[in-house]
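So the protein sequences, as listed, match chains A and B. Take the first sequence: its letter number 48 is residue 49 in the working numbering, and every next letter is one higher. Take the second sequence: its letter number 352 is residue 364 in the working numbering, and every next letter is one higher.
Just so you know, the hints here were simulated from the structure itself, not pulled from any lab data. Note that CB positions come from ideal geometry on N, CA and C, so glycine has one too. Take the hints with a grain of salt, since some may be wrong.
Footprint (simulated), chain A over chain B, 3 or more residues, beta carbon under 8 Å [stated by the list, open to error]: (1) 251-261; (2) 743-756.
Counterexamples of contact, computed for chain B against chain A with all Cβ distances above 12 Å [stated by the list, open to error]: (3) Met-386; (4) Thr-490; (5) Arg-547; (6) Val-590; (7) Gly-710; (8) Trp-776; (9) Glu-802.
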Amino acid sequence: MLLIKCPWCGNRAESEFNYGGEAGIARPANPDTLTDAEWADYLFMRKNPKGLHQEQWNHAQGCRRWFNAERDTVTYRFTRTWRIGEAPSSTRDVDS
Amino acid sequence: MTSRRLESGGFVDRGKVFEFKFDGRTLKGFAGDTLASALLANDVAVVSRSFKYHRPRGIVSAGADEPNAIMQIGKDDATLPNLRATQTELYNNMVARSTKGWPSVNFDVSAINALFGRVFSAGFYYKTFMRPKRLWRCYERFIRSSAGWGSAPAGNDPDEYAHRNAHCDVLVVGAGPSGLAAAVAASRTGARVILVDEQNEFGGSLLSEDTTIDSVPAMQWLEKTVAELSNCETVQCLTRTTAFGYYDDNFVAAVERCADHLGKPPGQTVRERLWRICAREVVLAQGAFERPLAFCNNDRPGVMMASAVQTYVNRYAVLPGERAVLFTNNDSAYFAAVAFKKAGGLLAAIIDSRQSGAGVTAVTNAVDHGIPIMNGHLVTDVVGKKRVRKAQVAQWSGDTSQTIKNTVSIECDLLMMSGGWSPAVHLHSQAGGKNIWDETHHCFVPGETLQQNRSVGAGAGQWSLMECLQRGGDAGRTTAEACGFVVQAGQTYETPQDQENPIEPLWRVPASRSPDRCAKQFLDFQNDTSVADVRLAVREGYRSIEHVKRYTALGFGTDQGKLGNINGMGVLAEALEVPIAQVGTTTFRPAYTPVTFGAGAGEDIGEIYDPVRKTAMHEWHEMQGAPMEVVGQWLRPWYFPQYGEDIHAAVARECMAARNSLAIMDASTLGKIDVQGRDSVALLERIYTHDVGRMAVGRCAYGIMLGEDGLLMDDGVMARLGEQRFYLTTTTGGAAAVLTWLERWLQTEWPELDVHLTSTTDHWSTIAVVGPKSRELLQKVGCNVSLQRENFPFMTVKDAELGGFPVQLFRVSFSGELAFEVNIGSNYAMAMWELLIDAGQEFQITPYGTETLHVLRAEKGFVIVGQDTDGSVSPVDLKMNWLLSKNKDYLGKRSLQRADLVRTDRKQFVGFVPVDGKTVVAEGTQLVNDPLLPVPTPMCGHITSSYASACLGHPIALGLLQSGHARIGEQVVAAQSDGTYVDMQVVSPVFYDPKSERQNV
Chain A
2 MLLIKCPWCG NRAESEFNYG GEAGIARPAN PDTLTDAEWA DYLFMRKNPK GLHQEQWNHA
62 QGCRRWFNAE RDTVTYRFTR TWRIGEAPSS TRDVDS
Chain B
13 MTSRRLESGG FVDRGKVFEF KFDGRTLKGF AGDTLASALL ANDVAVVSRS FKYHRPRGIV
73 SAGADEPNAI MQIGKDDATL PNLRATQTEL YNNMVARSTK GWPSVNFDVS AINALFGRVF
133 SAGFYYKTFM RPKRLWRCYE RFIRSSAGWG SAPAGNDPDE YAHRNAHCDV LVVGAGPSGL
193 AAAVAASRTG ARVILVDEQN EFGGSLLSED TTIDSVPAMQ WLEKTVAELS NCETVQCLTR
253 TTAFGYYDDN FVAAVERCAD HLGKPPGQTV RERLWRICAR EVVLAQGAFE RPLAFCNNDR
313 PGVMMASAVQ TYVNRYAVLP GERAVLFTNN DSAYFAAVAF KKAGGLLAAI IDSRQSGAGV
373 TAVTNAVDHG IPIMNGHLVT DVVGKKRVRK AQVAQWSGDT SQTIKNTVSI ECDLLMMSGG
433 WSPAVHLHSQ AGGKNIWDET HHCFVPGETL QQNRSVGAGA GQWSLMECLQ RGGDAGRTTA
493 EACGFVVQAG QTYETPQDQE NPIEPLWRVP ASRSPDRCAK QFLDFQNDTS VADVRLAVRE
553 GYRSIEHVKR YTALGFGTDQ GKLGNINGMG VLAEALEVPI AQVGTTTFRP AYTPVTFGAG
613 AGEDIGEIYD PVRKTAMHEW HEMQGAPMEV VGQWLRPWYF PQYGEDIHAA VARECMAARN
673 SLAIMDASTL GKIDVQGRDS VALLERIYTH DVGRMAVGRC AYGIMLGEDG LLMDDGVMAR
733 LGEQRFYLTT TTGGAAAVLT WLERWLQTEW PELDVHLTST TDHWSTIAVV GPKSRELLQK
793 VGCNVSLQRE NFPFMTVKDA ELGGFPVQLF RVSFSGELAF EVNIGSNYAM AMWELLIDAG
853 QEFQITPYGT ETLHVLRAEK GFVIVGQDTD GSVSPVDLKM NWLLSKNKDY LGKRSLQRAD
913 LVRTDRKQFV GFVPVDGKTV VAEGTQLVND PLLPVPTPMC GHITSSYASA CLGHPIALGL
973 LQSGHARIGE QVVAAQSDGT YVDMQVVSPV FYDPKSERQN V
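Based on the provided sequences and hints, a complete structural model is requested.
Below, the structure is given as structure tokens:
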């Protein structure tokens, strides 16, 4: 079981969290002006990297806040987490 | 029957005699015995029958690697199948039964299989029982029962199990010499240490070996060390605890057998406890498994691992035979032979396959005890069926490819074997670590690790006691230091130094015929996999060890190849003509040894598996005898039968009451969300498809929300309580998901919005008062606001006082009738319910449940999200275009223009009436245009809701039909699961009161 560092509560058990998919996908300001392809890109296309991946997580069984996390998809290790709207720290908590 | 118990020695308590039953025979053992040692003490040679050939089998090992002595322990519902007798501590009145052999292990009718050994080769079942396919069901029952594997109890497990989370700096797995040294060294720095060992006491190999540490007997060192650890506040010592799984992030799962050794858990004791350990650093000191030697008939009872014999002699004071032969390819087994001899056994000979034999220490020791040594010799075969009688011994040149011509017989009733040692790299491998082949010791040792773990002792290929202690201590200090503790200089240990000769690998033993034609040379006893089977797999084209495993069953079963796998890899490497390192290992997966379902489930069973939610009126519903329907976590009354009514009669009566007079329903399970904050309108505009901002304060509206894919997610009535305050309802099952959905957008996409969302599902109870008399009823109990249409029109909400209680009163309807929904604080809800029931008697007030709710709404064509929709339905499919605002953007709006969603042949929501006017087709029934088309007949839709309608006098159905909106008036065919067809008229989904006049009165 992973320990995940909620940026509001600190380290908590993985079972308290829900995964929310890739982070940093901004909703387009004017969807009506997008082509089908552009809208499909926003709607369906997601990265699937081998290595570091920026994701949204929700501390569902805790403070219920959503936050950003960077996780290594090879080792599953969380390298850093940060609050929505803030920049990630320049250093990682652990190496991936 | 002979007693094989020694007069003295060992760690058994001769003053405490335990009686136990094995396969119906009553036997005696001592406290401190395992079931295996007690059986050996009673000279029970045959404890099982083998998997495929039903050959008699005896106890082979003394630990987790035991392949044969697999038992069903305990009786009735507390029985546990597939326990290893070697790891099962004896208790008084234990009932044990072999899981194999029918009718008994001594006489097994299926032993006839052995006569056809050559037919039952690897892949036999695959090749034979493939065709015809439909007969497999018949074969399977016979094959499974004759294969054994014990039985599950019929009833519920009477015992309790627990889970426990634990955190530590250093977790040490295994309390042999290296693990103990690691734990002591780490604990002396102040680190929090957890030390687990699967046995009933710490010590590991020290409990079986006769040696010294720092010039005192090892047992003295052990006692002192265990005492130090037990007295240390920062150390948690767990015996009878198997670390069985190593998962991500240094998370290790271990099961503690708290009461398995007592038979029945006393008092409040749990039977087993699952430890979920988060460790910063892990030291793996799991030890090693001795390997068998693959000679002919090496599975005969009386053939045992040399180290197991040493353990039975030294630890349990049992002499497993009278006259033994030792067959080895390494030095370690010499000490086992000496132990056997010292305990009073006769040791006929040591047969050493190496031309140059053992090192000075081992040889001197054996010679001092008068044991003859035969270097450059092999045991090629044994004689004896239910017990070894003779070993066939031959001289050997060292060439594996040769066949052996001349053998001599040596009489013995015990054959001790040792093919070298394999480190237990299981947890290391589970943690993602690689294994590398050690060319000197001929075994896989732990290589690079991916997590914070290191291996020490025999489990890391460190074989001398000195090395185990030294490296263990080093690991303890290094791991503590990694956790930030200050480390003192290391301790040194003094142990006897041995002069050894290296092991010479012997993966299979040459015999009088070729390995493909000689008597069975078993690699995996539990699965009856032989040398010939692995070679056959290679001849049939298998190359990968993973494929060979699956074809031959090598390494399956409860022991997972702990004993036989490495020999199998050696045989495979020889057949493939590649180095063994290139063959590699199979994947090591949890669990290390089998774990009970009880331990896995822990406390999360029965009532507390999942919370059950009950409304404030639940007890009243139960008193009326209403059957309950499970809706999400909620229990809701299904219908309220009277005078022995069945569900159809009850629902018809309830529906007619709602249509003609007065009915009442507990709607408390509706999801409810309170929305407040300066930007509430802004948020809800983006979530809901209709123009939220245009709603006047006090108005209600039916609203739907879409996913960004444009498909319907949830629906419900929302009310505007203030300029920036809303009350949302959701479906019963969707409440949590909708709140999470809103929170997610609010927090991640629009954090600038000032909105607060609060679930009020449990705070408000909701009572729906339905029917033409509902207004009269509310007036009768006393309402402080006018209920007349002009003051309180349809789809509005008011704060009110009803019968003296403060309530929120909604004029909404999910039935199409004049109706009110009363929201009242849950603590007052039961009082309000009874007030309304009493006052409603003059109108024959009729409570109704979820079934009538469904019929009433279906008569009106109202969808139920999740029943009439399935995550692939758009609002356009539902003809809800009137809800889709053109004045704003909302989630999912853009997707409604996607090519797939504007197709005209999408499945669309319509109503159906059976042409025969009487058949209620099952929900889920597929619709076809022409049932006579060849199979697979194209399907054009399906029924989602279907009921008998009392007020209409005929059945009605709702469903999704391709291009359905354009097909009103046509007919389609419902293809029922029994093969019959029902013609269905396609109609508007609104069956009753199409102009919706009744709810507006």
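The hints, checked one at a time:
Check result for the region 251-261 of chain B against chain A: holds, 3 residues qualifying (beta carbon to beta carbon below 8 Å, three or more required). Here the region 743-756 of chain B counts 3 residues with a CB under 8 Å from a CB of chain A, which clears the bar of 3, and the coverage holds. Residue-level check passed: Met-386 (chain B) sits 53 Å from the nearest beta carbon of chain A, beyond 12 Å. With a minimum CB-CB distance of about 18 Å to chain A, Thr-490 (chain B) clears the 12 Å threshold, and the non-interface call stands.
Every C-beta of chain A lies more than 12 Å from that of Arg-547 (chain B), the closest at about 38 Å, which supports listing it as non-interface. With 12 Å as the threshold on Cβ separation, the claim that Val-590 (chain B) sits away from chain A holds: the shortest Cβ distance comes to roughly 29 Å. Listed as a non-interface residue, Gly-710 (chain B) keeps its Cβ farther than 12 Å from every Cβ of chain A; the least gap is roughly 31 Å. A cut-off of 12 Å between C-beta atoms confirms that Trp-776 (chain B) is not in contact with chain A; the least separation is 21 Å.
With 12 Å as the threshold on Cβ separation, the claim that Glu-802 (chain B) sits away from chain A holds: the shortest Cβ distance comes to roughly 41 Å.
The structure agrees with every numbered hint stated previously.
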